[in-house]
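Asks: Just need the whole structure built from these sequences, with the hints factored in.
There are 2 protein chains.
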Amino acid sequence: MMSLAPLGDQVRAYIQPASIEHNLGWLQRHLGQFGTRPAPKIWAVIKADAYGHSTAAVLTGLAQADGIAVLTLEQAYVCRFLGWHKPILVMDALLTANELRDPVLSPLHLTVNNPYQLTELEKGPAPSPPYVWLRYRGSLNHAGFEHTEYGAAHTRLQRLLQAGHLAGLGHLQHYANADDPAQLHLERQLFSQVFAPRVGPRCTENSASLLLDPGFASDTDWVRSGIMLYGISPLSGSNGPSLGLEPAMTLEAPLLAVQHLRAGQAIGYGNSFQAKHAMRVGLIRCGYADGYPRNIAQNCPVLVNNRPSRIVGRVSMDTITVDLNAHPEASAGTMVTLWGTKQLPIELIAQSAATIPAQLCSGLTARVPRVSTGSGRCGDRLEPRRPPHEG
Amino acid sequence: MMSLAPLGDQVRAYIQPASIEHNLGWLQRHLGQFGTRPAPKIWAVIKADAYGHSTAAVLTGLAQADGIAVLTLEQAYVCRFLGWHKPILVMDALLTANELRDPVLSPLHLTVNNPYQLTELEKGPAPSPPYVWLRYRGSLNHAGFEHTEYGAAHTRLQRLLQAGHLAGLGHLQHYANADDPAQLHLERQLFSQVFAPRVGPRCTENSASLLLDPGFASDTDWVRSGIMLYGISPLSGSNGPSLGLEPAMTLEAPLLAVQHLRAGQAIGYGNSFQAKHAMRVGLIRCGYADGYPRNIAQNCPVLVNNRPSRIVGRVSMDTITVDLNAHPEASAGTMVTLWGTKQLPIELIAQSAATIPAQLCSGLTARVPRVSTGSGRCGDRLEPRRPPHEG
Chain A
1 MMSLAPLGDQ VRAYIQPASI EHNLGWLQRH LGQFGTRPAP KIWAVIKADA
51 YGHSTAAVLT GLAQADGIAV LTLEQAYVCR FLGWHKPILV MDALLTANEL
101 RDPVLSPLHL TVNNPYQLTE LEKGPAPSPP YVWLRYRGSL NHAGFEHTEY
151 GAAHTRLQRL LQAGHLAGLG HLQHYANADD PAQLHLERQL FSQVFAPRVG
201 PRCTENSASL LLDPGFASDT DWVRSGIMLY GISPLSGSNG PSLGLEPAMT
251 LEAPLLAVQH LRAGQAIGYG NSFQAKHAMR VGLIRCGYAD GYPRNIAQNC
301 PVLVNNRPSR IVGRVSMDTI TVDLNAHPEA SAGTMVTLWG TKQLPIELIA
351 QSAATIPAQL CSGLTARVPR VSTGSGRCGD RLEPRRPPHE G
Chain B
1 MMSLAPLGDQ VRAYIQPASI EHNLGWLQRH LGQFGTRPAP KIWAVIKADA
51 YGHSTAAVLT GLAQADGIAV LTLEQAYVCR FLGWHKPILV MDALLTANEL
101 RDPVLSPLHL TVNNPYQLTE LEKGPAPSPP YVWLRYRGSL NHAGFEHTEY
151 GAAHTRLQRL LQAGHLAGLG HLQHYANADD PAQLHLERQL FSQVFAPRVG
201 PRCTENSASL LLDPGFASDT DWVRSGIMLY GISPLSGSNG PSLGLEPAMT
251 LEAPLLAVQH LRAGQAIGYG NSFQAKHAMR VGLIRCGYAD GYPRNIAQNC
301 PVLVNNRPSR IVGRVSMDTI TVDLNAHPEA SAGTMVTLWG TKQLPIELIA
351 QSAATIPAQL CSGLTARVPR VSTGSGRCGD RLEPRRPPHE G
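Residue numbers (my numbering), protein chains in the order written: chain A, 1 to 391; chain B, 1 to 391.
Check before you lean on any hint, since a few could be wrong.
[Said to hold, decoys possible] Covered, in the sense of this in silico footprint (three residues per stretch, anywhere, with C-beta under 8 Å from a C-beta of chain A), are these stretches of chain B:
#, segment
1, 149-162
2, 254-266
3, 313-320
4, 354-363
[Unchecked claim] Among chain A residues calculated to face chain B with C-beta under 7 Å, some are:
#, residue
5, E246
6, A289
7, Q351
8, Q359
Simulated from the structure, these hints should not be mistaken for laboratory data. Virtual Cβ for every residue (Gly too), placed ideally from N, Cα, C.
Replies: Next comes the structure, spelled out in structure tokens:
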């Protein structure tokens, strides 16, 4: 998938499609435990280039998903180009009447968030009519129709459905507080006042609500799941591996060099870390320009050769320095894991940086190669090309 | 430079090569004020894809620089491919003897950070010998030679210089505390003990030290400047425009939609913002998956149509919401500036996010198109392709 040379000693994000596949299966079994109806279908949410995992790398792990959900028309085209033939839900693009007629996009599902999109849909039938989900504004208030406007919009879409201009028409909500049981209950109640008088399937649940209250999903037709498919918990205070999920992205870099500090010597910008006694420090070629967070707490965890260690000194644009005192065997070339294993889930780094895991994986920059592993596509892990050295 | 369609309504980083050129001229005049010797030459530091500004976009503004400094061999090749014929300083790659012989890279300058690089240099002369800068480890302790090792390494390089295998040999330091006058003085003193007994030019100063104590640079041969060339102050408590610099990156997105909130209605995940009275809120297609910081303080500033406003509600993966109450004229398509003008320097956003400006610009992800403006290359600013609408 990538040639060896340009990777050099830099950080890489290894993407495991097999883990995506495992997490999807986990969710399917989870949903299958509830209700007597067939379990709801699953939209695998891959917006933001699959939460930073890279669309191309994750699609091979999503073969069993019922559809994929993207934000933009551009990503929908990329997925069709990559060979995705199942439904695509475009969640927040304003497709023109012309674009709606493009057969390449079919089977196409569409959220209708605003009157503009209604008008475009009314401009005449497409050869392959789209399936439309009318979005309720709810308390997120980012997009969609308020309860006072919802009925009129639904009536216009019903008319299109009856004329055969739509493949289907459903109700969609996106929660603002899916991780708070009381608020979630309130959001669902408000929505039920809107959809209950009207026919049609529903798509409301996301990763957090599917964990907090999975029984509710058995009443819906489609659910959406993003973060969980990447092996990451949507709920603070837990992590993917503890739920039985597998991290799909492992961020790793080989040690570039090893430095020896004497007692009292400092390291890094601002010299904020000072060695209390003689110590070995490893440098890796990763920094905040890769998207690694700069504002981590002291002693942020890493793994050196799969065993626990910590970051010392400040994260700079291109360099992170790690404590090697408990790792006498570590030398240039030894692998350092920054996040994304059972032992070091990304949730721990998010906690250290006072943010959420989605910010970390989707915030990786273009400088980090996404290297797909497994699925017979990429073969074994790539090795750094440089001979070891110590500085 | 880019076609219109794929840009859609998303956020864009407009890069102004003319501002880079202005800031370089500012620095040249600044350096020209000191000492009787000719002013030192300037390495324009463009590592991390020009601090996120994109190498291709900034090179056209750097025509008057004496050389450019990159981190990796790969970026050096990109710059040669883009037509950069002046010297390139590769700051932290371990070039093999073979790579050192590649005439495409010439004129090549190289920092020697470790014994491995010495060994490669000793493997025989290159047709176009590189210019070598021996790096002192200083108190940053990321790379380079300690004072106990520096002499031996210098002797080995001197031998290569005398044999005609090097184009030149200099002394290089990178400060750990360039923004702290007392610490900076100490770091310089330590380095002077190392280089003073030895001949050769020096390259020590960076943006922060050039502002704090510009007179010192007149004793050196080359200086390095990165952040300042992008119009950003290297010193906390000041900003680029207040120094006379011009921000080279403006991060902007058109309003995607306008929402109306009634008194008491909330917006965004966690519903952390509640409207005290009826208000209009604008949505823009930018979020933490673009690299905009998620952990900003309340009321983080933005410009709506070049007039001050603020962010309300939480920054999500794809959406930022801004207060439009003082902007009755704002509608879908109205431009919102997120950072990078005289009125809204990036330093203000960095302060709100408790980080440094370099983290923000170099942390932008691949989802943000860098659009070069001016220099006759890109013409006028691109306009969003969608007709306005209100949600």
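Asks: None of the hints should be skipped; say for each whether it holds.
Replies: Going through the hints against the structure:
Counting residues of the segment 149-162 of chain B whose CB lies closer than 8 Å to any CB of chain A gives 0, which falls below the minimum of 3, so the coverage claim is violated. Proximity of the segment 254-266 of chain B to chain A, defined as three or more residues with a beta carbon under 8 Å from a beta carbon of that chain, is established by the 5 residues found. Evaluation of the coverage hint for the segment 313-320 of chain B: fulfilled, as 4 residues show C-beta separations to chain A shorter than 8 Å, against a requirement of three. Counting residues of the segment 354-363 of chain B whose beta carbon lies closer than 8 Å to any beta carbon of chain A gives 7, which reaches the threshold of three, so the coverage claim holds.
Interface restraint check for E246 (chain A): the shortest CB-CB distance to chain B comes to about 22 Å, outside 7 Å, so the restraint is violated. This hint holds: A289 (chain A) has a C-beta 4 Å from the nearest C-beta of chain B, less than the 7 Å allowed. Residue-level restraint check for Q351 (chain A) is violated (minimum Cβ-Cβ distance to chain B is 13 Å; threshold 7 Å). The beta carbon of Q359 (chain A) is positioned within 7 Å of a beta carbon in chain B (closest approach about 5 Å), and the interface hint is therefore held.
The structure is inconsistent with the numbered hints 1, 5 and 7, although it conforms to all the rest.
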